[in-house]
Amino acid sequence: MKISLVGDAAITKSNSWRVRYARMWRESPRSFRIGFMILLFWVVVAIVGPFLAPFGPTQIGTGIPLSGASWEHPFGIDQLGRDVFSRVIHGAHIVLLLSISATLCGLVIGSFLGLLSGYIGGWLDEIIMRVSEAMISIPFLILAMLIVAVAGPQWSGNPILVIVAVAIVYIPRTTRLARAASLDIITKDYITIARLRGEPSLSVVRREMLPNATGVLLVEFATRAGFAPVLIGSLGFLGFGMRPPTPEWGLMISEYRELIFLSPVTLAGPGISLATLVVGLNLCTEGLARMLGRSGEGVSA
Amino acid sequence: MSAKSPILSIRNLSVAYDGVDGFLEVVSDVSLDLVGGEALGLVGESGSGKSTLALQCLGYQHPRARVLQGKVFLQGKDLLNLGFEDLSRIRGKTVSFVPQNPTTALNPAKRIGQLFTELLLHHGVVRSNHVAAKRTTDLLSQVGLPDPNQMIRRYPHELSGGQQQRVCIALALACSPDLVVLDEPTTGLDVTTQEQIIGLLVRLRQQLGLSMLYVTHDLALLSQIADRVAVMYAGQIIEVAPTVKLFKEPLHPYTRGLIASVPHFLSANSKIGARPLQGLLRRADLPDGCRFSTRCEHVTDLCMDTRQRLEATSTDHYVACHRWNHIKVTFNEEKKSERLIRQKAEAILKIEELTVTYHRSGSSIINYFRTPTTPAVHNVSFQIRRGGIFALVGESGSGKSTIAKSISGIQPLDGGKIIFQGSLITASIGARPKNLRKEIQYVFQNPDASLNPRIKISEIIGRQIEILNDCGRDEIGERVMIALDDVRLDRSYAKRYPDELSGGERQRVAIARALIVNPSLLLCDEILSGLDVSVQASVLDLLRRLVLKKDVSMLFISHDIAVVRGLADDVGVLYDGCLVEMGTNEEIFSAPFHPYTEMLMKAVPKLNKKPLFDNDSHQITPSEAKKVGCAFCGRCSKKIGEICEVTPPPWRLFGQSLYIRCHHEGEELKMVPDQK
Amino acid sequence: MLILRMLLSRVLLSIVTLFIVSLIIFSMVELLPGDVVSRMHGRMVTDEQRAIIRAALNLDTPALERYLRWLGQIVRLDFGTTLALNRPINEVLGPKISNTLILAALSFVLYLPMSLIPASIQAIRRDGVVDQGISVVTLILLSTPDFLLATLLLLTFVVFFPLLPAMSIVDHVSTFWEWVRALILPAVTLSLVMSVYAIRFLRDGLIEVLDSDYIRMAELNGLSRRTILWRHALPNALIPTLNVTALNVAYLMGGVVIVEKVVGFPGFGSLTIDAMLMLDVPLIEATVLIAASVYIVANLLADIGAILLNPRLRTMTASK
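Protein chains in written order, with the working numbering: chain A, 138 to 438; chain B, 490 to 1165; chain C, 1186 to 1505.
No lab work stands behind these hints, which were simulated from the structure alone.
Computed from a prediction, not measured in an experiment: that's the story for all the values here.
Mixed in with the good hints there might be a few duds.
FRET-style restraints, in silico, Cβ to Cβ [said to hold, decoys possible]:
| # | chain 1 | residue 1 | chain 2 | residue 2 | range |
| --- | --- | --- | --- | --- | --- |
| 1 | B | F573 | C | D1398 | 45 to 55 angstroms |
| 2 | A | A317 | C | G1318 | 46 to 56 angstroms |
| 3 | C | L1187 | B | V614 | 31 to 41 angstroms |
| 4 | B | F573 | A | W260 | 52 to 62 angstroms |
| 5 | B | E1154 | C | S1194 | 43 to 53 angstroms |
| 6 | A | R167 | C | S1194 | 44 to 54 angstroms |
| 7 | C | S1194 | A | I297 | 53 to 63 angstroms |
| 8 | A | R167 | B | K984 | 27 to 37 angstroms |
Anything over 12 angstroms on all C-beta distances counts as not near chain C; from chain A, calculated [stated by the list, open to error]:
| # | residue |
| --- | --- |
| 9 | F249 |
| 10 | L320 |
| 11 | F377 |
| 12 | P407 |
A virtual CB, placed ideally from N, CA and C, is assigned to each residue, including glycine.
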């Protein structure tokens, strides 16, 4: 008989992790679904919005400046005569694009560095860790500002600079996280087996380690992506991000700050949008973390 | 029958867990009585629901557990109806608990004394700190801990595992409870420590007349301590009987299988169990009738449909099987050993003066203060014959894994040589050529950690030959299938992921992975320790067969001397990094013995045996021993005197090839007979 | 003594990190491709000005020499001279740092109860309505960028309920009450942001402690809920608290920047922004280095605290 006839202990774990992922979507917590909806909403706005918006982002003369909210101008008109509602819509794709790409860059590079560093160990690990720790010591906003400042005026306002700045802020933090995850993984015997058969390091990282760290890294991606709009908005707010008249939400908040005495609703436009976007991202993150944490066994620390 | 009313009375209890897959019933309609002064053993495999049942005796459920029905009466009070306040008055006072893992059960931030004082004051056993301290020292002496006044001020992590468990036992006794519930208190402790704790419990029972509910998966243990035994399977009690009767005439097929799985030891023709249990306990698909029917050899259609209930077969023997009378009890006749006496072949592996001192891993700056992770090995030399099985026996911390790791190439040496197939090899895996890497393969202890949970079985096994044998893609597929056949796993397993397999099956995959490259030497590091007893037998069987078929030499590391007896050709006994005895299987297991070997053999729980040791004798931590004299002198019952501490003992030859390292000559090394 | 060795090695580590930070800052500012002045100031300066700046920064000396000289100065706590105002940086730093310290202290004092109390409530009444409610509120506050939060608070308490001044500009001649009114807004903003961040960690940390074996054992031994919580759980929860607080200090350094800018408080944060905007190289290097040092020191203190609090380490002697 080829069928296993081994007397064995009870299996209280459920079946394959792939089936588990599929079930996870069906049974995802409410928080995740709400967050996902919000996110979806903004993605749609980002993609389709610019074609449907009533006015252009820099179009002036749309109405009386600083008149309040009305049906035609739900968020009012700013001091230059631009429709705030349209500007917000046009700004959606900027925020999303910048946030996602910066986070992606940071995550990919950071994960790779962290896992490799943990696996190889030795002085390479030491150096990477020390440098990462040092970079993390510089508060993220200050680091981002520093990067923008040292790049000089020719890069000022360039979205690539913003992406680079945020990515550089994220890389060491992700590296540290990936390395911590790797420490748990390399104690496992299957890594030792890979070492014993002389498999090259990169191959081990890619094939054996990475799949076991996806849970952690996914949550990290979601967390960082959720914070990126805030960071980018902060840079914009302080004048280190995109330049006027780009309808970047942080920049807009800064521009409209003086108007709070005269027409507070203009501030509400970019403010509420940014807040809801981040809420959506954070809900997704939290839901994701809970789902992956709960299904336990297949997901490494 | 007993005129006393039971202290504990469980009636129709059913408990379910709210798990990932929905509700899982782990205790089904259980009824049980325990009278005063009685020790009731509760035995079952992991997942049988015994721990859940034990906790219910204190009215405690896991946050995700729910009681579906039933009552638990303790001294007449229904525990399930009481609120937290009332329960907190009962717990620790009327009924107490000894946990499985003493290390995590003691608050690391509190001194031992504080734990007791708090408990005693809370339950009103004492009124002042001063009296509490006195009672604490009394309790600590009672459980055999040395120097109680010192002990009070210590933190839990300063104590050894055995000592921590003694503290837990003392805590359980502190308020003179009517019932003590013990949940696998010796699992995870060394065999010799286990022996001591059992001895302590037996003594305490005699002295104090304790009533006990003792939960375990190890049947042999219960023979030493329990008056009655209840056997649990898949949440149901399937047999209850007095201990002696249960072992002499087990009636339920499951009980018979369990008893047959216990390795018999010290018998002349030792062989691992006659008929180990077959099949799997799959909680997902249990039949409506008797839950054991999917694995039972005597099953009939009636069994699958009808729920079996406990019925009395005599005044004190109950069994839940309607066929108990029809099944003949054939018991394990002494079978001839299956171990072939192999020809004296030449050595495939020679270890000479292997030495490893303490190593620290990780960043040098930060880990400067971390405790060393590698136990030391001192001047160990032995040989493994081609095609032979060499067993290295020792307890945890003895360095046996370190030796295996050095051979495999992941642990650097501080001294000595490794000679494989006639040539010296480096102890560094990076420096070894591919064909050498192929020749030595490793199987690890923990089936959960040795397979990558995200990779399919076919790839796990196939990767070995892909890298080490330079096989083509198509050939790999075919060879993986053959490997699965070899370890008796269905070919469909190739597409599965490790978490779909049970522990025993995973271990088979690990073995398949090791053997697929056709190595010359297989290193097995405690590969059975993570498996249930019933599974060990079949995996061992498999191993024996494959080793023969593929003509592989094996280094088999184990702490279980019974298993070694039935498997190995040659044996080396390791204590604290030093070899103390070495010889062939027959020589090792007959007199003369090194005092440590003798201690090991006596510590193995056997059926119908009284425990010997009771004191947690002076434990030497590895770093303390100066390695000047004999490593074992601190615990040796046959210590001569100062010579043992100062002079390294010589190797003495007895018989043809038995080497014992001791200052004694020969007469003193015969075994001291068991006291009955 | 083993503990001494551990502490010493930890301190050594911090010093190494600090050293690497200085290297990073210096290279980013002065070693990136392109002449420092051209790169950073571009066409905003005339050639004359460029020459002046170059002289002031000693750009003709080799990089290593400049770095070492800077390092030497730093060690003596001399941060050089600002470009813009041509005053010693130390003079400029002094009052700003002390202002920010006051703000930070106030924020911290507010943050501790603001985070510990909800987290404890959440941990005890796990998965209940209160727990989820607090989580929702926390989430919303967490998602609001701090500059938005500060602006909204400003809106509320300056425009709608005119209680507080629009600008928190204070100096050494302001009265005590003026200080208080100036500090409330930024302090509340900062502590709110820190609390919201910490509450989640604290909740998880407390829950982990509550789920541990020794807590279960305490319950099985019949101890009361209060005893279990206060005498068994809380002491073991101190360490995660310390960790989170160290992280919050990191946030604080960045957060002051934004908040001070929004309310106009003349502190270290405003100084940093101004330095960056004006491209005042020595000032930039000084402020970033100081910010990093605060984080490193805070972490060091948290680690030392963790070491001292851990009974395992307190009693370790040479044998183990």
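So, going through the hints one by one against the coordinates:
1. Distance hint check for B/F573 and C/D1398: the Cβ-Cβ separation is about 19 angstroms, which falls outside the suggested range of 45 to 55 angstroms.
2. Range check, A/A317 to C/G1318: about 32 angstroms between beta-carbon atoms, so the 46 to 56 angstroms window is missed.
3. Hint check: C/L1187 to B/V614, Cβ distance near 38 angstroms, so the stated range 31 to 41 angstroms holds.
4. Between B/F573 and A/W260 the beta carbons are some 55 angstroms apart, a value that agrees with the proposed interval 52 to 62 angstroms.
5. In this structure, B/E1154 and C/S1194 meet the distance hint of 43 to 53 angstroms, their C-beta atoms being roughly 52 angstroms apart.
6. At roughly 48 angstroms, the beta-carbon separation of A/R167 and C/S1194 lies within the given 44 to 54 angstroms, and the hint holds.
7. A C-beta distance of roughly 42 angstroms is found between C/S1194 and A/I297, which places it outside the suggested range of 53 to 63 angstroms.
8. Look at A/R167 against B/K984: about 35 angstroms separates their beta carbons, and that is inside 27 to 37 angstroms.
9. Every CB of chain C is more than 12 angstroms from the CB of A/F249 (nearest about 21 angstroms), matching its label as outside the interface.
10. Its beta-carbon lying about 17 angstroms from the closest one in chain C, A/L320 satisfies the requirement of being farther than 12 angstroms from that chain.
11. A/F377, annotated as away from the interface, has a beta carbon of chain C within 12 angstroms; the closest lies near 7 angstroms.
12. Here A/P407 does not stay apart from chain C, with its beta-carbon only about 9 angstroms from theirs, under the 12 angstroms limit.
The structure does not agree with the numbered hints 1, 2, 7, 11, 12 stated previously, though it agrees with the rest.
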